[in-house]
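First to last, the sequence lines map onto chains F and H. If you read the first sequence in this note's numbering, its first letter stands for residue 2, the second for the next number, and so on. If you read the second sequence in this note's numbering, its first letter stands for residue 1067, the second for the next number, and so on.
These aren't lab readings, by the way, just hints derived from the structure by calculation. One or more hints might be untrue.
[Unchecked claim] With the C-beta cut set under 10 angstroms, the calculated list includes, among others, these residues of chain H facing chain F: (1) Arg1184; (2) Val1185; (3) Ile1186; (4) Arg1188; (5) Ala1273; (6) Val1275; (7) Glu1276; (8) Glu1279; (9) Met1284; (10) Gly1285; (11) Tyr1286; (12) Ile1288; (13) Tyr1386.
Here a beta-carbon is modelled for each residue, glycine too, at the ideal position from N, C-alpha and C.
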Amino acid sequence: MPEPLLTLSGVHTHIGHYHILQGVDLAAPRGELTMLLGRNGAGKTTTLRTILGLWRASAGGVRFDGQDITRLDTPAIAARGIAYVPESMGIFAGLTVHENLLLAAREGPLRDERLEWIFRFFPPMKKFWDLPAGNLSGGQKQMLAISRAIVEPRKLLLIDEPTKGLAPAIIQNLIAAFAELKKSQTTILMVEQNFHAARSLGDSVAVMDAGRVVHTGRMADLAADEALQTKLLGLSLEAHQ
Amino acid sequence: MKSIDWKPPLLVLAVLLGALLLIGSPSTWFTLTVAGVAMGLLIFLMAAGLTLVFGLMDVMNFAHGVFIAVGAYVAVSAMKLASGAAGADSLLVNLGALVPAMLAAALAGGLLGLFFERVIIRPVYGQHLKQILITTGGMIVAEQLIHVLWGPDILQLARPAALKGSFLLGDMALEKFRLSAVVIGLAVFAAMLVLLNRTRIGLLIRAGVENKEMVEAMGYRIRRLFVAVFVAGSALAGLGGALWGMYQESVTVHIGASMMVLIFIVIIIGGLGSVLGCFTGALLVGLVANYIGFLSPKVALGSNILLMVLVLLWRPQGLYAVGK
């Protein structure tokens, strides 16, 4: 397994009085897509938000690219090369597609070749370039949210349930886009509930339950072991679609 | 091209035409319209900063009125210092008194805003009830300090000689100061539109109004921008206070507090966080106040509340809802 780009060691996170993460140990290998699976409420989204500093870890440590980022604030963590696509997509509805991408390009002006690369994955971004993002469909908003995360090369993408609520045809498009994106050797940590997407895209997998990681391994191994799926997730991944 | 929602401007047009039909006399209507637009633009100057502060920082700043009052009082002192230039017959010499007075008012408003943000508001970010209580308390203390510095009496804020009186256009009288207020208000609005729509800082402000967490997740330190917007909004309030004091030709310590109801109506009508909405709402409030004041003075007091109710029944998020 490649050396991890991101490592969480014994991470605890409290939200108000609730103890959500209860000692998460997790590694995202460099250049791979790691799937974070688990039942609702297992702590998957909290894990992503804790990595980015949107919620503070109350104990434990987060190391990224060899450095401790546990106590850094969100802008400083993001500036180290982490992009985030939240479950809500987080697009700016009043800004155009162009403006959303412009804002995501921290390093300077948008580069034509990068845009062409994105338009290959997501043609609607070119078509609706000057349209307010609020006018896009659900699938197009997700495409914009992902485009924004990759408008400049980033070391790590944190993506939370990108296929949630989308039509099957749009999900197929997204899977194809992620498969293409994986070729760029970008490290991705993705929360996903759609089995087909998880099985098609995941290199490695971590399964969470009750605020802890209860299983790590290769995605292919989990996909092939129905008994393990039932044990870890409460049902087989086939039934989880 | 970005699509613009034309319904709110059409509403303003409908108010203009409806008033013309009800008033009957074109000259009276024209005079009231200029007065309404001038009043609206002055309210816009005072309210524009507050709507951004609401939208971007989620701060309920009930002390905004004191920035207006301080601007007005600083303008009184500055105009007194330059009374010779302000009373001269030349417009150019008058501007030599007016422009520094306006700049001093904006600077005072901005500095007081910086103090409020750092010392009073910062400890209560995210706590609305505490924000209301502490900013109201801060306003009371600041008003008493104004009493200490300038005294409790009503002060005169004379207009420069060249801005006194009116132009006559047929049988219509156009007050020079009101026209000046229109020009300044439109210039500030245009500058804000350019800043918000043509610059990266503007892009960050607009994005931050919608979703500040996401802006931070993209690597931007939005808190610094918060402070800058707060100070700029306070400076605009100071400038608006100076112009409003000159509009009324007198200044009391409550000049800002007395405007807060109208300012809140304007930013609610416009949609919290929307500068275009604030501009449209301010025009509506200014026009309706003047038209109803002429047509039915007894109803004038409640006319803007009624306007707010009607607008919110039509668009509960305001004329230009910000997509949070």
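Hint by hint, here is what the structure shows:
no.	hint	result
1	Arg1184	violated, 19 angstroms
2	Val1185	violated, 22 angstroms
3	Ile1186	violated, 23 angstroms
4	Arg1188	violated, 16 angstroms
5	Ala1273	holds, 5 angstroms
6	Val1275	holds, 8 angstroms
7	Glu1276	holds, 5 angstroms
8	Glu1279	holds, 6 angstroms
9	Met1284	holds, 6 angstroms
10	Gly1285	holds, 4 angstroms
11	Tyr1286	holds, 6 angstroms
12	Ile1288	holds, 8 angstroms
13	Tyr1386	holds, 9 angstroms
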